[in-house]
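K.L.:
Residues per chain are reported as follows:
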Amino acid sequence: MNKRYGMSIDIDKCTGCGACMVACAVENNVPALPGANDRRGITWMRVYRVDNGEEYPDRRSAFVPMLCQQCGVETPCAHVCPQQAVDVDPATGIVGQMPERCLGCRYCMAACPYHARYFNWWDPQWPAGMEKTLNPDVAPRMRGVVEKCNFCHGRYHRAKERAAAAGEKDIRPGEYIPACVEACPAGAIRFGDLNDPSSEVAAARHEAGSFRLLEKLGTDPKIYYHSTRDWVRQIAFAPKPGGKENLHG
Amino acid sequence: MTTRRDLFKFAGGSAMGLLLTPAPWRLITDTALWSENWPGIPRPARGEIRAKFTHCGLCAAGCAVRARCVGEQPVSLAGVEGGLCPFGVTGHHLPYHPERLRHGNRPEAAAAVARAIANSAPDRRVAVLDLQPGRTASWTCRRALAALKNGVYLAPEEPACAVNLAPAGTVLSLGAPLLDGWGSPDRVFRARSGFRLIQAEAVESRTAALADQWLAVQPGSESVLGRAVAGTVGLRQAAEATGLAEAQIAEVARSLRENGPALIVAPEMTSEVLAWNLALGAWGKTVLPRREAPLPREWSKAAPVTPLAAVEVGSLGALLIDESVPGAPLPWAAIQPKLAADAVVVAFSWSRAGYARHATHVLPAAVYPEALGDLPPALVAPSVGSAAEFRLTVPLVAAPDGMTDPAEFLSAVAGLDAKDALRQRAAAIHAAARGSLRTYADGKTSAVKDLKFDDFWKALNAGGSWMGEVENSGKSPHLAPAAPIPDAGDPWPLRLSTTQPGAPALVSPLMTKLWQESGLRLGPHRAALNPRAGFEEGARAVLETPYGRCEIQAALDGSVPPGVVLVAYTPEIADIRGADGCARLVRI
Amino acid sequence: MRRNIFIAVGLLAGLGAGWAGFPRAIYSRRPQPVDFSHKVHADKAGAKCEDCHGFREDGSFAGIPTLDKCASCHAAPMGSTATEKSFIDTYVTPGREPQWLSYARQPENVYFSHITHVKRAQLKCAQCHGDEGSADHLRPFEQDRVSGYSRDIWGAPGRPGMKMDDCVNCHRQSAAKGAAGTLSAQAGERGCLDCHK
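Protein chains in written order, with the working numbering: chain A, 1 to 249; chain U, 1 to 588; chain E, 1 to 197.
Treat the hints as calculated values from the structure; they're not laboratory data. Predicted model only: the values in this text are computed from it and were never measured. Be aware that a few hints might be false.
Below are the DSBU-like pairs computed for lysine-lysine, each with C-alpha atoms no more than 35 Å apart in a straight line [stated by the list, open to error]: (1) A:K132 / A:K169; (2) E:K119 / A:K216; (3) E:K119 / E:K163; (4) U:K444 / E:K163; (5) E:K69 / A:K169.
The shape of chain A in the complex, shown without the other chains (with noise of 0.2 Å):
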């Protein structure tokens, strides 16, 4: 049966310490480069730190962990790329990126409705000795490209290839999370198949408090977050959490 990956995020839990963002870099080969800013750097996980709008000490802030949200329906990104560089594979559910295919217009970047996804503007480069470190299951990306979260399928290969060699026909439910979801030291973020009733995901999309961003756009992001505080969920319909334009609720 075809799997639907998805992800539950429970912000009443993320303290914002950037585990996950570090920890994704490290698993996909995302360089740091000393030019990278908040708009020309590369981080397929990024966290926002959002506020309720109100004056110290009436003020309180909620961390917002953004990924790609694998839009499951009339996915935008995929819709607009001329070169189908973009696609969604149909057993997983997960959005995958080419960069090979990308010729780079970054058109899927202004339809992206959640800014998940971020331009090569560099060659990537290690300091001398640090690609000794890189990851051999996801290839480094050149200039000129587009990329994003993909769930880090390197380890859904993996997993796959695990399960092959012990002669199963199935990878095990845990047996793949992406970096982020193992790094998170809060517990704060939680990975499986959504078809899968008996999975964690599953059921937490069903809680009270659960949301999505922007699910009136009706791509089916695949992303649930969790809140219970009401201010909280207001960012569902934000443009972009933490940036000026910031709905504060």
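Keeping the supplied structure of chain A fixed, place chains U and E upon it in accordance with the hints.
P.N.:
Using the frame of chain A, we list chains U and E on its own:
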């Protein structure tokens, strides 16, 4: 006769001919393929994937780490029992840091130290400053100092107790970054759902944002709240100092007493914090004795721990600073007066950023995860209770040539044979035949008395962890008298607060994702200020304290109260930050 | 009229260069470090492919064997050929790894799992690699001068190519043959990331 025109015709013809062959199309394809692999793009090495285990050496907590390795080379790190902090996740990058210290003149430094020892007058002292006391290497230093005449062992104050969050019902945190890398994240977060967290802090920190209740107290007044809860300060006085209502403080005290077991934590677990906990009846439940693994009997001749304040001014002829493991440094302003005019200062460092700026000799030390060492007794005890632990930081990669191990350097100077100190310590633990050994690779726990020493030592070097027997009682510790509450003077209108004290001097280049590619954390040389503090975003200013000055750039942040300047922890800030946190900002 | 002969000659020269010269010139040739005979090993030692080109415990493919694999049999000469003797003298005794050149090395962005194809789909090695096991000599390693890819990626007579089209064709064929829900049906059309990384 051929003419120029014929040549052009020939060329035109061959161009036409070539178009009818695969050559141009293939060249186009090849060029496209080349652009995917051109020389600027490194190729990850392939090979067998293995798991290696170690303990993180980037702070005293020492989280268990599983390293995914290609062949021998670690390519990613993950926690064994939970997540790691971002520093820990990227620890395997440190050996390749561009600013890593690689060269130093060891013979020259050794000669200078030997001269300082040989020529020292009776009142001149040779000191070691150990930033992470309680390790086996610390014991080696103390033994070597005992062998020298006039040896003094300096160290920052160690926590007066261990804490156990597992049984806690209510936790009052007085500005401790409890949810942001304090103690070990896996032990804190495993217990998190069990206790109610009250965070008293001026700034709405990450911990404050996630606490069940945040008390926005006046900057620097956290300790007054602790005293009020313990009953050593009256409610009215506490309310005045903290800016909270008397009823609010009474309510905090009530909830600590009624929804116990209670626990009060502070950034530094001093004996005064311990006294407040004792007043709440936390001893043996959430506050436990901090136990150390057994030591070989021969190690009893060791220099005592001397507080820096007890050292006479101008009395240090030689000072060796062990910065090879990160720890909360003592401000240079406090150390400098203790040095003699011609003092030799040797820093064993990863980078030039720390004490190396003040040292006369700087020797490079192996970084995590290159160095073999062990960890000091844990601040956050295992959930089962108070037990000694022995965990090694096992090297995952080989250190480059020319690195100096500070304990080995000092023992060579003192003529002490301490090469096998870790092994001797393990032998002493094994000989006591108590406790159990946990191996992460197979998740098994076995009793030490059933193991041969060689197997025990091998397992420890494969990232195993020894834990002694659990014993939560123990005699209540001796309490030092409380220090008076510092009072901010008038010319210093601001309170200086820092994020991540004790962060390692080197961090992975990828950490810029957290402050450069995003604004998640406060970057070095940035200062967060309340938007109404009168500075614009990005404005440059000089941060002044009674101990020095440092240039910063303003970042406006509504979670910082007026009257507070929040800066990222750097060695420069550590140098100028006083205990009272007085500061002022001068616009440039 | 006579003048147009230059165009014709040029055309022929271009065609000749493009069809005959270029396919040779685009590749650089390097000999393998040792003239290894797959045939001798298969016939005399009765070795199967996976005896030397095996899988690791986690299911990853180990590829070209390392020296210790060779040395486990050839610590001392087993036969009397000069090739074997020089191999032992040059590599086994000093413990020097031969720098084999991999014919079938895929580009960095390709994910290929040997174990899925060999163990789960029961493919024979020769189906992609050609009948390498019966060759008496190692071909020189030919590398595209521009892209750096091995010539084997494009295939040769008797040896199928390893381009993306070749993978896709095979997967489509097996998917068409397989009944719904079977492994071969799963091997049909999938997302790009199924074979790319």
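K.L.:
So, for every hint listed, does it hold in this structure?
P.N.:
Status of the hints after comparison with the structure:
no.	hint	result
1	A:K132 / A:K169	34 Å, holds
2	E:K119 / A:K216	46 Å, violated
3	E:K119 / E:K163	22 Å, holds
4	U:K444 / E:K163	47 Å, violated
5	E:K69 / A:K169	31 Å, holds
Violated hints, in rising order: 2, 4; the structure is consistent with all others.
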